[in-house]
Amino acid sequence: METAGKHILIVGVDDSEHSIYALEWTLDKFFSSTSSNLPFKLIIVHARPHAASIIGLAGPGAADVFPYVELDLKKAAERVMDKAKGLCEQKLVQNVSFEVLEGDPRNVMCDIVDKYQASILVVGSHGYGVIKRAVLGSVSDYLAHHAHCSVMIVKRPKTKH
Amino acid sequence: MEMRSEEAEETMQQQQVQVPPVLEEKKKKRVMVALDEHEGSFYALKWDLNNLFTTCDHGLGVDQQDVGIMIIVHVQLPFQHYIYPGPAGPAVYGNTSVMESVKKAQEHNSAILLSCAVQICEEKPTKVETVVLDGDPKEMICQAAEQTHPDILVVGSRGLSKLKRTFLGSVSDYCAHHVKCPILIVKPPK
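Protein chains in written order, with this note's numbering: chain A, 30 to 190; chain B, 427 to 616.
Treat the hints loosely; a few may be bogus.
Unchecked claim - Only pairs whose alpha carbons sit at most 20 Å apart, straight line, appear in this in silico PhoX-like list of lysine-lysine: (1) K120/A <-> K455/B; (2) K114/A <-> K455/B; (3) K58/A <-> K472/B; (4) K120/A <-> K58/A; (5) K530/B <-> K58/A; (6) K455/B <-> K529/B; (7) K35/A <-> K144/A; (8) K70/A <-> K114/A; (9) K58/A <-> K529/B; (10) K35/A <-> K472/B; (11) K530/B <-> K472/B.
As the list claims (entries may be wrong) - Pair ranges (Cβ atoms, derived): (12) L100/A <-> T574/B: 45 to 51 Å; (13) L130/A <-> N535/B: 44 to 50 Å; (14) L121/A <-> E526/B: 55 to 61 Å; (15) E128/A <-> E549/B: 33 to 39 Å; (16) N476/B <-> A92/A: 52 to 58 Å; (17) G115/A <-> A537/B: 49 to 55 Å; (18) E549/B <-> E131/A: 41 to 47 Å; (19) F95/A <-> D562/B: 37 to 43 Å; (20) D111/A <-> I538/B: 48 to 54 Å; (21) I546/B <-> E107/A: 33 to 39 Å; (22) A531/B <-> K144/A: 43 to 49 Å.
These aren't lab readings, by the way, just hints derived from the structure by calculation. Virtual Cβ for every residue (Gly too), placed ideally from N, Cα, C.
Construct all of the structure, not just a fragment, from the sequences and the given hints.
Written out as structure tokens, the structure reads:
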């Protein structure tokens with residue numbers, strides 16, 4: 030158990046609406062108090078897929094395509110982080126760290142949890158179409174099993190009434 | 427399936443508070459915690475109390491109303507109506523008296539469990555409700571969550587650390603898949 034100190038809360042985001050919703054939800058629930066002495070330190074982590082994993086078995090033209098894919102991924106990552114920063118400012122949450130790491134999201138998240146000794150990891154869940162009830166997004170499922178901390182899986186509600 | 431709910435008394439005295447209705451709605455959190463006899467669940471409860479209700483700990487005085495509602499759910503495994511015999515012989519249907527006494531023992535156990543839980547909750551200014559259900563834990567918890575629509579569902583994890591943390595308790599896994607609200611899986615400390 031941690032001593033009296035800030036607990037670390039990590040939110041994993043990717044490009045999808047679900048993780049942005051998860052971030053918003055977390056900000057609302059955990060950081061809505063007006064007192065400045067919050068018990069949690071928030072770290073937002075974005076796992077960026079490596080360009081090589083996308084190009085994969087492209088073939089002869091791979092080397093040429095690489096820099097473009099790399100650039101595109103960087104832009105996508107920046108968009109995500111900007112959205113996240115915007116949300117934090119909107120909710121008046123300060124003292125947030127942001128990290129962007131390359132690699133497979135599962136491993137990245139597990140490593141980050143270990144690095145920061147986080148108390149909670151929050152991730153969204155995709156809810157794939159028809160099979161959404163049967164299968165959690167594979168990343169959140171993997172993390173629920175393998176992360177060394179408590180895991181919160183935030184599901185986006187369907188049409189609210 | 428039986429469903430009994432008991433409301434524990436409110437732990438904070440209600441003072442004259444001029445809280446505007448909008449704020450009040452925002453502050454109330456409905457948290458559902460699933461308990462069984464495992465250590466892991468109590469740890470989940472304590473952890474949950476510490477972390478989700480810390481906004482009241484800042485010495486803001488007694489002006490705060492209850493910040494949230496905590497619903498504690500305990501699911502009892504259904505008792506089977508027959509008794510497997512020790513020595514050879516056909517299965518024997520238990521007498522009603524035997525069944526009754528086992529049921530009473532079960533109820534007694536749950537009552538103890540729940541009162542421990544309520545005691546733990548008493549330090550924090552939240553309203554506590556307890557619910558006891560009978561049946562298969564996974565399905566019952568999901569059903570309870572569907573009926574009450576909590577903000578968060580908290581479950582413990584068996585913490586089968588010997589298996590190198592590769593396997594969540596099947597109840598928490600099932601719930602994570604089937605429940606519609608956000609779910610928090612609390613793992614025991616190493």
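Structure-based check of all given hints:
1. Distance hint between K120/A and K455/B is fulfilled; the C-alpha atoms sit about 18 Å from each other, no more than 20 Å.
2. Among the hinted pairs, K114/A with K455/B is inconsistent with the structure: their alpha-carbon atoms are about 25 Å apart, more than 20 Å.
3. Distance restraint check for K58/A and K472/B: the Cα-Cα separation of roughly 18 Å lies within the 20 Å cut-off, and the hinted pair is therefore satisfied.
4. Distance hint between K120/A and K58/A is fulfilled; the C-alpha atoms sit about 11 Å from each other, no more than 20 Å.
5. For the suggested pair K530/B and K58/A, the alpha carbons sit about 40 Å apart, so the restraint of at most 20 Å is broken.
6. Taking the CA atoms of K455/B and K529/B, the gap is about 34 Å. The hint is violated against a cut of 20 Å.
7. The straight-line distance between the Cα atoms of K35/A and K144/A is roughly 15 Å, inside the 20 Å bound, and the hint therefore holds.
8. Only pairs whose Cα atoms come within 20 Å are accepted, and K70/A paired with K114/A is accepted, the gap being roughly 15 Å.
9. Under the criterion of a C-alpha separation no larger than 20 Å, the hint pairing K58/A with K529/B is inconsistent with the structure, at around 40 Å.
10. Under the criterion of a C-alpha separation no larger than 20 Å, the hint pairing K35/A with K472/B is consistent with the structure, at around 17 Å.
11. A C-alpha spacing of about 28 Å is found between K530/B and K472/B, which places the hinted pair above 20 Å, so the restraint is violated.
12. A hinted range of 45 to 51 Å for the beta carbons of L100/A and T574/B is consistent with their spacing of about 49 Å.
13. For the pair L130/A and N535/B, the supplied restraint of 44 to 50 Å holds, since their beta-carbon distance comes to about 47 Å.
14. The supplied range of 55 to 61 Å is met by L121/A and E526/B, whose beta-carbon atoms lie about 58 Å from each other.
15. Restraint check, E128/A to E549/B: a C-beta distance of roughly 36 Å satisfies the suggested window 33 to 39 Å.
16. The given range of 52 to 58 Å is respected by N476/B and A92/A, whose C-beta atoms sit roughly 53 Å from each other.
17. The hint said 49 to 55 Å for the Cβ distance between G115/A and A537/B, and at roughly 50 Å that hint holds.
18. Checked against the hint of 41 to 47 Å, the pair E549/B and E131/A passes, with Cβ atoms roughly 45 Å apart.
19. For the pair F95/A and D562/B, the supplied restraint of 37 to 43 Å is violated, since their beta-carbon distance comes to about 53 Å.
20. At roughly 53 Å, the beta-carbon separation of D111/A and I538/B lies within the given 48 to 54 Å, and the hint holds.
21. Distance hint check: the CB atoms of I546/B and E107/A are about 45 Å apart, inconsistent with the given range 33 to 39 Å.
22. Roughly 48 Å separates the CB atoms of A531/B and K144/A, a value that falls within the hinted 43 to 49 Å.
In summary, the structure is inconsistent with hints 2, 5, 6, 9, 11, 19, 21 from the numbered list given earlier, while agreeing with the others.
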